[in-house]
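Trainee: From first to last, the protein sequence lines stand for chains L and Y. Under numbering that gives the first Met the number 0, residues 0 to 585 are what the first sequence spells out, in order. Under numbering that gives the first Met the number 0, residues 0 to 585 are what the second sequence spells out, in order.
Just so you know, the hints here were simulated from the structure itself, not pulled from any lab data. You may find that some hints are simply not true.
[Claimed, not checked] Once the Cα atoms are required to be at most 27 Å apart in a straight line, the calculated DSS-like pairs of lysine-lysine come out as:
hint : chain 1 : residue 1 : chain 2 : residue 2
1    : Y       : 460       : Y       : 543
2    : L       : 166       : L       : 94
3    : Y       : 546       : L       : 581
4    : L       : 543       : Y       : 460
Protein chains: 2
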Amino acid sequence: MILNVLNKIDEPKDLKGLCSNDLKVLADEIREILIKKVSTTGGHFGPNLGMVEATIALHYVFNSPIDKIVYDVSHQSYTHKILTGRKNAFINPDKYNSVTGYTSPQESEHDFFTIGHTSTSVSLACGLAKARDLKGGNENIIAVIGDGSLSGGQAYEGLNNAAASGKNIIIVVNDNDMSIAENHGGLYQNLALLRNTNGKSENNFFKALGFDYHYIKDGNNIESLIKTFSKVKDTNHPVVVHMHTIKGKGYKDSEENKEAFHWVMPFDLETKEPRFKSTGESYSEVAGEFLSQKARKDSSIVAITAATPGPVGLGSFRHEFKDQFIDVGIAEEHAIALASGIASQGGKPVASFVSSFIQRTYDQLSQDLAINNNPALIMVYWGGITDSDVTHLGLFDIPLISNIPNIVYLAPTNKEEYIAMMEWGIEQDRHPVAIRVPNMEVVSTGVKVEPNFDNLNTYEKVKEGSEVAIIGLGSFYHLGNRVQEMLKESTGINATLINPRFISGIDEKLLTELLDNHRLVVTLEDGILDGGFGEKISRFYGDKDMKVLNFGASKEFTDSVSLKELYERYHLTEELIISDIKDALK
Amino acid sequence: MILNVLNKIDEPKDLKGLCSNDLKVLADEIREILIKKVSTTGGHFGPNLGMVEATIALHYVFNSPIDKIVYDVSHQSYTHKILTGRKNAFINPDKYNSVTGYTSPQESEHDFFTIGHTSTSVSLACGLAKARDLKGGNENIIAVIGDGSLSGGQAYEGLNNAAASGKNIIIVVNDNDMSIAENHGGLYQNLALLRNTNGKSENNFFKALGFDYHYIKDGNNIESLIKTFSKVKDTNHPVVVHMHTIKGKGYKDSEENKEAFHWVMPFDLETKEPRFKSTGESYSEVAGEFLSQKARKDSSIVAITAATPGPVGLGSFRHEFKDQFIDVGIAEEHAIALASGIASQGGKPVASFVSSFIQRTYDQLSQDLAINNNPALIMVYWGGITDSDVTHLGLFDIPLISNIPNIVYLAPTNKEEYIAMMEWGIEQDRHPVAIRVPNMEVVSTGVKVEPNFDNLNTYEKVKEGSEVAIIGLGSFYHLGNRVQEMLKESTGINATLINPRFISGIDEKLLTELLDNHRLVVTLEDGILDGGFGEKISRFYGDKDMKVLNFGASKEFTDSVSLKELYERYHLTEELIISDIKDALK
Numbered sequence: 000m001i002l003n004v005l006n007k008i009d010e011p012k013d014l015k016g017l018c019s020n021d022l023k024v025l026a027d028e029i030r031e032i033l034i035k036k037v038s039t040t041g042g043h044f045g046p047n048l049g050m051v052e053a054t055i056a057l058h059y060v061f062n063s064p065i066d067k068i069v070y071d072v073s074h075q076s077y078t079h080k081i082l083t084g085r086k087n088a089f090i091n092p093d094k095y096n097s098v099t100g101y102t103s104p105q106e107s108e109h110d111f112f113t114i115g116h117t118s119t120s121v122s123l124a125c126g127l128a129k130a131r132d133l134k135g136g137n138e139n140i141i142a143v144i145g146d147g148s149l150s151g152g153q154a155y156e157g158l159n160n161a162a163a164s165g166k167n168i169i170i171v172v173n174d175n176d177m178s179i180a181e182n183h184g185g186l187y188q189n190l191a192l193l194r195n196t197n198g199k200s201e202n203n204f205f206k207a208l209g210f211d212y213h214y215i216k217d218g219n220n221i222e223s224l225i226k227t228f229s230k231v232k233d234t235n236h237p238v239v240v241h242m243h244t245i246k247g248k249g250y251k252d253s254e255e256n257k258e259a260f261h262w263v264m265p266f267d268l269e270t271k272e273p274r275f276k277s278t279g280e281s282y283s284e285v286a287g288e289f290l291s292q293k294a295r296k297d298s299s300i301v302a303i304t305a306a307t308p309g310p311v312g313l314g315s316f317r318h319e320f321k322d323q324f325i326d327v328g329i330a331e332e333h334a335i336a337l338a339s340g341i342a343s344q345g346g347k348p349v350a351s352f353v354s355s356f357i358q359r360t361y362d363q364l365s366q367d368l369a370i371n372n373n374p375a376l377i378m379v380y381w382g383g384i385t386d387s388d389v390t391h392l393g394l395f396d397i398p399l400i401s402n403i404p405n406i407v408y409l410a411p412t413n414k415e416e417y418i419a420m421m422e423w424g425i426e427q428d429r430h431p432v433a434i435r436v437p438n439m440e441v442v443s444t445g446v447k448v449e450p451n452f453d454n455l456n457t458y459e460k461v462k463e464g465s466e467v468a469i470i471g472l473g474s475f476y477h478l479g480n481r482v483q484e485m486l487k488e489s490t491g492i493n494a495t496l497i498n499p500r501f502i503s504g505i506d507e508k509l510l511t512e513l514l515d516n517h518r519l520v521v522t523l524e525d526g527i528l529d530g531g532f533g534e535k536i537s538r539f540y541g542d543k544d545m546k547v548l549n550f551g552a553s554k555e556f557t558d559s560v561s562l563k564e565l566y567e568r569y570h571l572t573e574e575l576i577i578s579d580i581k582d583a584l585k
Numbered sequence: 000m001i002l003n004v005l006n007k008i009d010e011p012k013d014l015k016g017l018c019s020n021d022l023k024v025l026a027d028e029i030r031e032i033l034i035k036k037v038s039t040t041g042g043h044f045g046p047n048l049g050m051v052e053a054t055i056a057l058h059y060v061f062n063s064p065i066d067k068i069v070y071d072v073s074h075q076s077y078t079h080k081i082l083t084g085r086k087n088a089f090i091n092p093d094k095y096n097s098v099t100g101y102t103s104p105q106e107s108e109h110d111f112f113t114i115g116h117t118s119t120s121v122s123l124a125c126g127l128a129k130a131r132d133l134k135g136g137n138e139n140i141i142a143v144i145g146d147g148s149l150s151g152g153q154a155y156e157g158l159n160n161a162a163a164s165g166k167n168i169i170i171v172v173n174d175n176d177m178s179i180a181e182n183h184g185g186l187y188q189n190l191a192l193l194r195n196t197n198g199k200s201e202n203n204f205f206k207a208l209g210f211d212y213h214y215i216k217d218g219n220n221i222e223s224l225i226k227t228f229s230k231v232k233d234t235n236h237p238v239v240v241h242m243h244t245i246k247g248k249g250y251k252d253s254e255e256n257k258e259a260f261h262w263v264m265p266f267d268l269e270t271k272e273p274r275f276k277s278t279g280e281s282y283s284e285v286a287g288e289f290l291s292q293k294a295r296k297d298s299s300i301v302a303i304t305a306a307t308p309g310p311v312g313l314g315s316f317r318h319e320f321k322d323q324f325i326d327v328g329i330a331e332e333h334a335i336a337l338a339s340g341i342a343s344q345g346g347k348p349v350a351s352f353v354s355s356f357i358q359r360t361y362d363q364l365s366q367d368l369a370i371n372n373n374p375a376l377i378m379v380y381w382g383g384i385t386d387s388d389v390t391h392l393g394l395f396d397i398p399l400i401s402n403i404p405n406i407v408y409l410a411p412t413n414k415e416e417y418i419a420m421m422e423w424g425i426e427q428d429r430h431p432v433a434i435r436v437p438n439m440e441v442v443s444t445g446v447k448v449e450p451n452f453d454n455l456n457t458y459e460k461v462k463e464g465s466e467v468a469i470i471g472l473g474s475f476y477h478l479g480n481r482v483q484e485m486l487k488e489s490t491g492i493n494a495t496l497i498n499p500r501f502i503s504g505i506d507e508k509l510l511t512e513l514l515d516n517h518r519l520v521v522t523l524e525d526g527i528l529d530g531g532f533g534e535k536i537s538r539f540y541g542d543k544d545m546k547v548l549n550f551g552a553s554k555e556f557t558d559s560v561s562l563k564e565l566y567e568r569y570h571l572t573e574e575l576i577i578s579d580i581k582d583a584l585k
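If we strip away everything but chain L, and leave its shape as in the complex, we get:
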């Protein structure tokens, strides 16, 4: 690959002298290395291809890092990284993993925040602007936010405040007419109207909020972009630049199938085949199939997603059940209150989230749902210890959800139990129920489980033993089972093995019975220990003659650390657990 122009660019100021044609060549070169890199490593594909020209234009016009650009979600910041000293991470395959998938102040002075959740950029930019004003500075503050991100409430809170600030702040709305999936909401009719009128309609969401407004018809045209950005540079008041870009621009498949190419697993550019084949069915597919079967027979079933139908198994469901499917956009707060409202009238809502994103709706879980005690079912995917980016950890849903009164939080250990819990969660009418979907390959016993969990907080004793009792929660039940077997082999101790099933409460009767012939209770949970499940067991036994060991993650943010390393760090291997058990029994 010959990178005639990019070779000359090590920092944004190197752009300033380039002629118009060189800038276009630069865009082509960047697009080429982006396609090669992201197809190799996986990552955000469409969002980055769409933003190549706009990022070049931003850095051409503004003076980063004096002028400060904040990227919403920052999943479109790869060109920014390339232009701000990190191009080798995109050119040299050996360096592909030397940068994260999001902006990171640790990587560059051109990055101001570690960002990975949606709708935060305008608020953060308001902070930068206020800090500037307190110091009497005059640099430009720019937030780049996609149309999809505008569905989140925080984006609106930010816009509402930014508009009233009366000072320089430039909101670049990157409108590619797509969220992760298609957009939903009244705002999108207005964005379409603005696109169709070349920004001229007086009916204008941004003007209504008080912004000065500029429209760029072709947001992949560098000259247009430079012209408008130059016009708003050093503005003394809040401005929105609304630009229409093409998501996935420059790669035929991603232009044509925007949702599939929002984020990709590694794939072969020649054959278009994925580099890693997925193995067997997933718990999300099991849920999708189960919900489809239910919905065919029962028109009161409604599946709700906050812009992530794919990861939560609703890929097919949404096409088959138009009236029984709601994608609210990236609006988790609305999703929970909506579900509560539906459930209050006898509807059967099933609202599905990724663990990291259900964090965005704690107050609604507590107020709209739990206080009202409405029987909605909430599904929580991807909860657990992972090697993910720091912004997408699944560690915190247990403390978040299980400590809210009234919500029954369940942890299935296999497919049959999972289906039974969904069935019960949907059909019972007394509690808000949440299910923590095991974040692992599907385990099937072939033995049907009765969909009856009416006796709250009753744990299941799977193996009756003595001396040691192992309580393995959800996906870590299987780890508990292996520890039980290896402990027996290595020490002769026949430990009791318990599947607690309920995350949100303890089985006092069973725990009391254990006092008779056990000395040690071991808890295993796939999440942060602080505020979690095991600590409740420790509290219960606090004044009793029982030792307790809690295993789970420490309270820390980890960033793309391998599972192997994390499991060793947290003593979550069979060997380390058994070693700790032996120490505790001494």
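Assemble chain Y onto chain L, guided by the hints.
Mentor: Positioned in the frame of chain L, the structure of chain Y alone reads:
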């Protein structure tokens, strides 16, 4: 008081036959009993006086409970309660406490949700509408939302989705040009424009979102209201009715001082004097005074509130420091991200919240603030066990905040420690810091405390003893001290007394030292036990020879239960704690 018309009204249908004049008399009668009742008991004053006519008109036009009205925050629902079978609770002083201050499905079939937090009504109404559509119903679904509540992100998420539903949903925007305090944000310029143009401006936030739009110039004129509500009744598409009302209407003082009369303590209607005198200074006043002193010398100090300047001690601050004060409206998410942004550039933001409302911004605390590790200071007021309405409990901030990595959550026990913690929190630059303001009268030792908490998670041993160690967190330190004294008196045990200072971590060194000559550790915390402080101590001692007793609130929602009853229920009296200690030592 002669209630000629109200005497005839026991349910909404009794309104239907009334002539226009009777409806006006009814409004006067309701206003009279509202003023008498709320001045006697305290409660939401201005919001209810402003909504008298509109509520009468809603019930005149629509058929509750078939047609369903959802009130945002529901702090303006008193007239609704009066018209739906609960008038005696407003007429008869003996019955004043027989209804809650918010809507409650337990009270009436005309109430659909227990509501007390802001900005949720549109989302909940969307749920009612969807449930209706699934059943093939055709009733009207109405959300009543104040202009202040429109600053919250969830309200926007709801509006964005409601607008796109294509079905009957009626959003009544009660625009009294006030939040709790004055409004802030670009939206309010648009509302003003709409008021000034009699709803005719094409620049219209609601139309931009896709709503059909109707304006009512005088929202306290029953005839106008009835006319417009009748027009939109049975609409087949989403509608906004924007009405201009006068907050506090009909009582001179509340019309003139809208903020002070938003929510009132009991006061004498004749003398205008409060019925209960406040005693001495409060921790919020101490903070306000401290921050003012700091801000006078340091222009990088910024105080941030989400629409509650009064309760968080910023009543004077906001008038003295225009540029160093930001009220973001009821937009807690924005407030936290804003603070993080300011702190990232060396500004010194102090963002203050009420415990129950900081729940609304968990994800921003985690993502925008903690992951970015920016040194903002967060103040948390009203955290603790209270006799409040179920929607305003202060029980959950410890599990919510203390389990987020990187945030240092501090619990001062007296004024001097409180000031030292604020000073340190503002001046240090390594951690996000939160302070849990003691929810009690100010305790002053007169002894200055060094503002240095750099050694994280170091507890303070205040009394050195043996056998029993009492760890009293924050406001419950004083309870711990009394227990220590009474225990000594009654048993001779000289317990160790510890002020942990840090909520968010444990002092392993000190806890390990206690193993030498203690048998029992007692933790006391003013909040829910589940996921809280004490459980971390229990976990630490799980595999060691130490008994632990955790005292705090059980996991339950309580609704206006007296402190006395709650303390007894949770064994939080000196006597009950000592009795439990004796049992544990047996």
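Trainee: Of the hints stated earlier, which fail here?
Mentor: The structure conflicts with hint 2 only, although it agrees with all the remaining ones.
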